[in-house]
Every structure is written in structure tokens, then in C-alpha cells.
Amino acid sequence: MRIVCPFCGERELGEFTYLGDAKPVRPAADAGEDAVYDYVYLRDNIAGVMSENWYHGGGCRAWLKVTRNTLTHEISAVEPAAGAGAAKVGA
Amino acid sequence: MKYSIFSLARAALSGHKNWQRTWRDATPKDRYDVVIIGGGGHGLATAWFLASEYGIRNVAVLEKGWIGSGNAGRNTTIIRSNYGLPGNTGFYELSMKLWERMEQDLNYNAMVSQRGVINLYHSDAQRDAYARRGNTMRINGIDAELLDLAAVKKMMPFLNFDNARFPVQGGLLQRRGGTARHDAVVWGYAHAASGLGVDIIQNCEVTGFVRDANGKVTGVETSRGRIGAGKVGMAVAGSSSRVADMAGLRLPIESHVLQAFVSEAIKPLIPNVMTFGAGHFYVSQSDKGGLVFGGDIDGYNSYAQRGNLPVMEDVCEGGMALMPMIGRVRLLRQWGGIMDMSMDGSPIIDKTPVDGLYLNAGWCYGGFKATPGSGFVFAHLLARDTPHEEAARFRLDRFRTGAMIDEKGQGAQPNLH
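So the sequences go chain by chain: A and B. Letter by letter, the first sequence follows residues 1 to 91 in full-length UniProt numbering. Letter by letter, the second sequence follows residues 1 to 417 in full-length UniProt numbering.
None of these hints come from the bench; they were simulated from the model. Heads up, a few of these hints could be off.
[Said to hold, decoys possible] Within a straight-line C-alpha distance of at most 30 Å, the following computed DSS-like cross-link-like pairs (lysine-lysine) qualify: (1) B/K408 with A/K23; (2) A/K65 with A/K23; (3) B/K29 with B/K216; (4) B/K2 with B/K97; (5) B/K29 with A/K23; (6) B/K408 with A/K65; (7) B/K64 with B/K216; (8) B/K288 with B/K267; (9) B/K2 with B/K288.
[As the list claims (entries may be wrong)] Part of the chain A face toward chain B, derived, beta carbon under 10 Å: (10) E10; (11) E12; (12) Y18; (13) G20; (14) D21; (15) V25; (16) Y41; (17) R43; (18) R61; (19) T67; (20) L71; (21) S76.
C-beta atoms are modelled at their ideal positions from N, C-alpha and C, and glycine is treated no differently.
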């Protein structure tokens with residue numbers, strides 16, 4: 001698996017760190033216990049195409065949003081995560 | 001058939017041509033009292049304990065491929081009970097005791113070898129942590145010995161004791177730990193369960209659940225037709241989320257890939273199972289002579305049953321740090337299995353919110369050693385509808401209530417457990 005970083009180009013997997021599914025969003029402060037439980041502990045655990053957060057610690061140190069198939073490891077898109085210098089690459 | 005020295009002699013005299021199949025490859029009936037999804041070690045052990053301990057023999061084990069084709073055939077075959085937290089300590093010791101009598105119980109040679117498991121420590125802080133874990137084990141009646149450097153040198157003189165960065169200072173030894181022949185464990189449970197009337201049904205993939213008007217699960221839809229069930233138990237490891245999804249459940253589980261490795265065969269070198277404490281590397285030597293070893297999971301969600309090179313490099317570096325002389329041993333094979341990583345690193349054995357559906361999951365990458373214990377307590381839950389006392393903490397709702405069993409203290413980040 002190699003990831004094409006929008007800032008650095010194609011790099012080997014060892015430069016990146018995985019956070020996980022990009023879908024869960026931190027609930028509002030007054031959202032209640034069920035929403036927090038769901039956010040922290042429950043996962044869709046998708047078998048197929050998944051949007052994920054990766055960190056390019058061995059390169060530009062930007063957070064990336066990677067679209068990857070968990071059945072094949074095929075990566076179909078890599079974008080800067082929101083706020084990660086997105087403007088510099090016109091994203 | 002019953003295996004013994006006499007059956008072996010009889011078969012030898014007839015040129016080994018008259019061995020019978022060790023278990024029945026069954027075709028599905030319309031209905032069973034209990035249907036277990038997943039023909040791995042845990043599923044087959046559950047079926048056997050249901051039949052032998054709890055008197056429930058109208059049981060089917062459904063396997064989408066062939067039995068033992070998942071993680072039961074993809075692990076590093078280590079058995080041990082050196083856990084430190086309440087909930088884990090007692091359960092894994094229950095499992096260890098079942099390993100010790102497994103071959104007699106099943107009438108099957110599973111090559112259980114109590115050659116010892118030693119966790120090496122490389123700093124004062126790690127020694128203290130291991131001393132504490134060893135004390136916890138001993139308080140709970142489990143054998144544990146803290147070895148100093150001289151004792152480790154005597155036991156394993158081939159280690160690199162000149163590593164300036166990660167010096168070996170000693171180790172925590174559990175002599176009753178060791179290895180077992182993973183495929184034989186699967187075949188042994190299949191042999192014994194089948195002998196008590198359990199139907200083992202291969203190439204039978206579950207595609208959905210049959211529910212009655214109240215939502216209770218009353219059977220499963222499979223690639224070989226509908227099968228009715230009084231109760232349905234899931235023991236499907238890395239596929240837990242996918243099967244649970246068919247019943248509308250979301251689980252506190254992520255599926256990750258763990259790789260394992262075997263080297264070419266070398267002369268006897270490693271007398272036990274040992275782990276490198278400054279990285280993540282565990283190794284034993286098979287009877288064929290190959291070094292069987294592994295390390296961390298790859299760290300990203302995967303259902304692919306294959307991993308990538310960075311972890312392979314990291315694992316081999318761990319091995320080289322301990323034993324520089326294995327540097328010229330060639331890697332023979334490498335493979336990956338899909339782990340059901342739970343949010344606290346500990347398993348879940350519980351009823352689900354869906355009536356009639358029971359869950360056995362979240363084994364992370366420690367499922368093999370738990371095989372007999374998991375089967376025993378899951379059978380108890382299925383038969384009695386109450387958890388076995390040694391598995392009472394493996395609740396599905398512990399993530400909501402906060403009663404986590406987080407052995408590594410990593411929090412809800414499954415790729416770090």
C-alpha cells in the first residue's frame with residue numbers, strides 16, 4: 001500500500017499513521033450520553049469503500065482524508081483533511 | 001472412531017488405508033436447538049461443550065468456507081494465561097486448564113506443548129510492571145516466575161545480551177504456557193463434537209437472520225437454504241460486524257489485519273515461546289524447525305487477509321534485536337488474518353439486544369489461546385442464558401457503563417490494543 005499525499009507525492013505506508021473511520025463526528029456538548037457512546041465506541045466497520053483519516057507524520061505532517069477499500073486496500077482518493085493547508089493545493 | 005495405540009497399530013498393519021474420516025461433513029437439517037455461525041476453533045469448541053457439558057446435542061456449526069480456514073489456521077499457536085486484570089485473569093486460566101486436559105477430553109492429539117512462555121523485560125520500569133503482573137497471577141493461583149538476567153542467560157544463552165539500547169534484564173516466565181497445533185485443535189473439536197451428534201456444515205454462508213413478529217431470531221438464511229434455530233450464536237471473529245449488521249446491530253469492533261510469519265526450518269534453537277519487551281515480537285519454534293513469529297497488527301481497518309511491508313519490517317527488526325544470528329535465515333511464508341479488535345482490547349461474550357442471538361467476539365489478536373475457554377463459557381451462556389462466572393465481565397454493554405477491561409490502557413483506539 002502506497003499513499004499519494006497531495007502535498008508530498010507518492011510515499012510508502014510507513015510514513016503514515018492511521019486514525020480510523022472519518023465518518024464519526026464529535027457530538028455537541030449537550031447531545032447526551034447515547035450520542036457520545038455511539039461516537040466513541042460504535043463503528044460501522046465497513047467492508048468496502050471507506051473514508052478514513054491518515055496522518056503523514058513522516059512527511060508534511062498534514063492530516064489526510066483517504067478513500068480506501070478495506071476489502072482490497074485499493075486507494076481511490078486522497079484529499080487534505082479540512083484545515084490541513086487545503087487552500088495550497090486548491091482543494 | 002476412538003484413537004489409541006491399538007487403533008494406530010491396526011491401521012499400520014493394514015498400510016494406513018482404512019482410516020475413517022475423523023468427523024462427519026453434514027448436510028443441513030430443517031431445524032436445530034442451537035445454530036453456531038462460524039466453524040473456527042471457538043465455534044467448534046462451543047458446539048462440543050454444548051454437547052458434552054450441557055447435554056444439548058441438536059446443534060449445527062455453519063462455516064462459510066472449510067472449518068479452520070480463518071484465524072484458527074492463521075495464528076502463532078501460543079497458549080498462556082498471563083493476564084493482569086480482573087475478568088481476564090480468571091478466564092484465561094480457565095482456558096489454560098482446559099488446554100491441559102483437552103487431548104484426553106477430545107481423544108485427539110492436539111500437540112499441546114507446555115514449553116513455557118517468557119516475556120523479556122528491558123528496563124527497571126518494565127521489570128516492575130512484570131513483577132506486578134506475575135504477583136497478580138500468583139495471587140490467582142497461576143504459575144509465574146520473575147527471572148533475573150542470570151536465569152535468562154542460562155535458559156536462552158543465544159540471545160543478544162550486548163544490546164546497549166534495549167538490554168535484556170530478565171523475564172516473566174509462565175512455565176505452563178506454550179503452544180498447540182492449531183489445525184489439530186480445530187479437527188479435534190470437530191472430531192469430538194461430530195461424535196456426539198453435532199452437525200458440521202461447510203460451504204454454508206449465513207446471508208440473513210429469520211425473525212418472528214416480536215423480532216426474536218428463529219433461524220438463519222444461508223447459501224444452503226433456511227435453517228431454523230432455537231438460539232443462534234455468533235463466533236465469526238473478523239466478520240462479527242458484518243454478521244451483526246444483518247441483525248441490525250452495530251458493534252464496538254473494528255476489523256484489522258494481523259500478519260504472522262514462518263522462517264525456513266533450522267536446528268532446534270528456541271526452547272519456549274518468548275517475547276521481546278522493547279518492541280512487539282513473539283516467537284516459538286515449530287516441531288518442523290521453522291521459527292513461527294509475529295508482532296503488531298498493521299493498524300488500519302482491513303478485511304483483506306493480507307498485510308503490508310512496514311509491519312513485516314518492524315517485526316523482523318524485533319527479532320534481529322534479540323537474535324542477530326537469525327539475520328540470514330530466510331522467511332518462508334507470511335499470511336494475514338482478520339482480527340475483531342474491540343474498543344478495550346478484551347472480548348465480548350454476551351446476549352445481544354436481539355432476542356435469540358448471542359455474541360462471541362472481540363478477541364483482538366488473542367483468540368487462539370482462548371479457544372477452549374471461549375467455547376466453554378459461550379456454551380454455558382447459550383445453554384443457561386446466564387453468563388459463566390469467569391466470563392461475566394465480558395459484557396457487550398461495558399462500553400456504555402464504563403466497566404472496561406483495558407489490559408494495555410490504550411482507550412477506545414482499537415489499532416493500538
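Tested hints:
Between B/K408 and A/K23 the CA atoms are separated by roughly 26 Å; this keeps the pair inside 30 Å, and the hint holds. For the given pair, A/K65 sits about 10 Å from A/K23 by alpha-carbon distance, which is consistent with the 30 Å threshold. Taking the CA atoms of B/K29 and B/K216, the gap is near 20 Å; set against the 30 Å cutoff, the hint holds. Pair hint B/K2 plus B/K97 holds up; C-alpha atoms about 23 Å apart against a cutoff of 30 Å.
Pair hint B/K29 plus A/K23 does not hold up; C-alpha atoms about 42 Å apart against a cutoff of 30 Å. For the hint linking B/K408 to A/K65, the alpha-carbon distance of about 28 Å falls within 30 Å, and the restraint holds. Between B/K64 and B/K216, the direct Cα distance comes to roughly 23 Å. Compliance with the 30 Å bound is thereby established for this hinted pair. Proposed proximity of B/K288 and B/K267 is supported: the alpha carbons are some 9 Å apart, at most 30 Å.
Of the supplied pair hints, the one linking B/K2 and B/K288 holds, its CA atoms being roughly 27 Å apart against a limit of 30 Å. Against a cut-off of 10 Å between C-beta atoms, the interface hint on A/E10 is violated, since the closest Cβ of chain B lies about 15 Å away. The restraint placing A/E12 at the interface with chain B holds, with a minimum CB-CB distance near 7 Å, inside the 10 Å limit. At about 4 Å, the closest approach between the beta carbon of A/Y18 and any beta carbon in chain B falls short of 10 Å, and the interface hint on this residue holds.
For A/G20, the shortest C-beta to C-beta distance to chain B is roughly 7 Å, which falls under 10 Å, so the interface hint holds. With a cut of 10 Å, the hint placing A/D21 at the interface with chain B holds, because the nearest CB-to-CB distance is about 7 Å. This hint is violated: A/V25 has a C-beta 15 Å from the nearest C-beta of chain B, more than the 10 Å allowed. For A/Y41, the interface hint holds, the least distance from its beta-carbon to any beta-carbon of chain B being 4 Å, beneath 10 Å.
Of the supplied interface hints, the one on A/R43 holds, with its beta-carbon coming within about 5 Å of a beta-carbon of chain B, less than 10 Å. At a threshold of 10 Å, the smallest CB-CB gap from A/R61 to chain B is about 18 Å, leaving the interface hint violated. At a threshold of 10 Å, the smallest CB-CB gap from A/T67 to chain B is about 13 Å, leaving the interface hint violated. Checking A/L71 against chain B by beta carbon gives a least distance of about 5 Å; that is within 10 Å, so the hint holds.
Against a cut-off of 10 Å between C-beta atoms, the interface hint on A/S76 is violated, since the closest Cβ of chain B lies about 15 Å away.
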